[in-house]
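Chemist: The primary structure of each chain is shown beneath.
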Amino acid sequence: MTTGEAERTNASPDPIAGDLIGSGVEGGVGDQVRAWLQRVRGGEMGALPAVGGFIVLSVMFSVLSPFFLTERNFANLMTQAATLVMLGMALVFVILLGEIDLSAGVTAGVTMCIFIVLVNVQGFNWIAALAVAFIAGIAIGAFIGFFVARVGIPSFVVTLGLFLGLQGFELIIIGSGGLYRVQIPEILAIQNSNLPVWGGWAMLVVVLAVSAGTSFWDRARRTRAGVPNRAIALVWIKLGVIAALGGIAVYILNQDRGQSVKAVQGVPIVVPIVLVILWLGTFVLDRTRYGRYIYAIGGNAEAARRAGIKVVLIRWTAFIVCSTLSVVAGLFMISKVGSVDAAAGRDLVLSGVAAAVVGGVSLFGGRGRLLHAAIGALVIAVITNGLGLLNLPAGVNYAVTGGVLILAATVDAVSRHRAGGAILRT
Amino acid sequence: MDVPLIELSGVQKSFGPVSVLKGVDLQAFPGRVTALVGDNGAGKSTLIKGLAGVQPYDAGVVRFDGEEVALHTPRDASRLGIEVVYQDLALCDNLDIVQNMFLGREETGFGTFDEGLMEREASETLRSLSVRTVKSVRQKVSSLSGGQRQTVAIARAVLKKARLVILDEPTAALGVAQTEQVLQLVKRLAEQGVAVIIISHNLADVFEVADHVSVLYLGQMVASLEVAETTRDEVVGYITGTRSQGGRAA
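As given, the protein sequences belong to chains U and B, one line each in that order.
The end of the first sequence is residue 426 by the UniProt record's numbering, with every number in the run present.
The end of the second sequence is residue 250 by the UniProt record's numbering, with every number in the run present.
Please keep in mind that the hints were generated in silico from the structure rather than gathered at the bench.
Here the structure is a predicted model, which is why all the values come from computation and not from measurement.
From the three backbone atoms N, C-alpha and C, an ideal C-beta is built for every residue, glycine too.
Cβ pair distances, simulated, as ranges: (1) B:Gly146 with U:Gly240: 37 to 47 Å; (2) U:Leu37 with B:Val69: 45 to 55 Å; (3) U:Ala128 with B:Thr108: 31 to 41 Å; (4) U:Val151 with B:Gly111: 24 to 34 Å; (5) B:Gly146 with U:Gly161: 35 to 45 Å; (6) B:Ala204 with U:Gly403: 50 to 60 Å; (7) U:Leu245 with B:Gly111: 27 to 37 Å; (8) U:Ile232 with B:Glu226: 53 to 63 Å; (9) B:Gly111 with U:Ile232: 22 to 32 Å.
Chain U on its own, in the form it takes in the complex (with noise of 0.2 Å):
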């Protein structure tokens, strides 16, 4: 509260900023948390309910199951949930503007299928092949935002569309039953390889570095335009999450999980890939031009058409970034399952959707962020994890997960009730 205090007398001196309205950031950190609840209470809940969720699962699955809290499944877990959370984080980019993707899981096996052909059966160079796996997610997500953008039609339409005819591709490509195995060390690394174990510190401290630096760079950016910060103990508080969180996942992730003489630890390297592009997407959303217009055309397209913005360039380029991001969803996968099938990412569809939904981000578009997706991803690989040591069979799973996504979706509904939407749409 001390440091509250400081703020307020620092604020209050300054002749003009006593002019201004309030902005929100007043008072000290009991205030702001009274703030913050008042906002929850309000129906802005954000990831609140996935957090509850992954903690609520990971205890019972740990009382439930004497594998769960092992380093070795810790880690299992991560690079489980890898591909999800890259999927959820694409189609955040479609979902905040209202529409959806359900080819993003198809568009990610797709161009694996094309990739592994043009490395396993044509010899190409594996960078190259990448380029061209890429190639094919810009084009798929330039056909949809074509379709949805400039023509029209629904965004479920014309993915659906594409749901059923890349997989079509797929056989045509792979062949029926046909099945590549992966041999690219550098792609199998992604998922199989760990960061040395003072790399995973210094992944940590670089975390810590990056959000700190921001932090301030913003104080002092609106400290130079003359309005007030929020107090600054709130800064230390959220450096001291990430370092704590953070720190004990990197100390489980450094221990000897191996089974045999040779030591297998370290985080593994999909984690720090994982971090670099949750942190640019979520650079992209909330700092710049195109990001505020992708949540003001979800929230309402003909206001932002009014205010100037290119709604029809917005929206196709969304789903050319969530087709691209699909493509690394895909790798991920690949890097995994260390084969490509003809069936390669039709699993992946509506749990891509449920790891965005899950975590926060709304169905009716314009609300949500990257790391809502992420953590909802987790939720649902921890899901299909315990069920996976409790040993129940797969339908059991597909029925959890199924239940949870409409669950999420109706505290989705809910909670744009209480901010003030209606709750049947008209």
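Since chain U is already given, all that's left is putting chain B on it; use the hints.
Modeler: Quick look at chain B alone, frame taken from chain U:
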């Protein structure tokens, strides 16, 4: 009287065989509120859409600051400093007040948003309009009342340094207290030297806030009156077509 900021003469607009505007004249002056009244279907919205550049006129002359201008796109209008605050408020519920006010023209530095600067300018603009009902400029618009939303929409126009602000039915959906707030806001807008055109069905509002009233009847401007020199009954007569001025109406 001095030079009108905007002057329409002989403006026409048809949709297929239907002639909606049949040669309309309209003037608006800096620092004055001009009310545009008329029954449903009189052509008010069509007249406004032409000024906004959304639906260009078929024929007629538009003079801005005494010079003839072309209004073919919303950008043409925006460049001249013409801002329209629509009835169905063009605000994004999921964004906060600052984000809405700056939508489409955000302040950036180093390629990223300068949130502090935008927050400050938004705050100062609301203050200049003596807005006291808004607690925080970082509130989401979804949490605002109808009057507050109207305030934000008007402040958005002011922020653009608008010279002509057109308000389409600003009080239609508001309660008594909020209507009063918005009308005060309209007066302050005019005091700042802005030319204001207000469309309204509510003659009480018109008589409270406007300096001048122009009446459209079936696509023709049938009356142009100083509010101080007219009565409610006279205006109603022109709106319903039972009176005419200058012999141009039926």
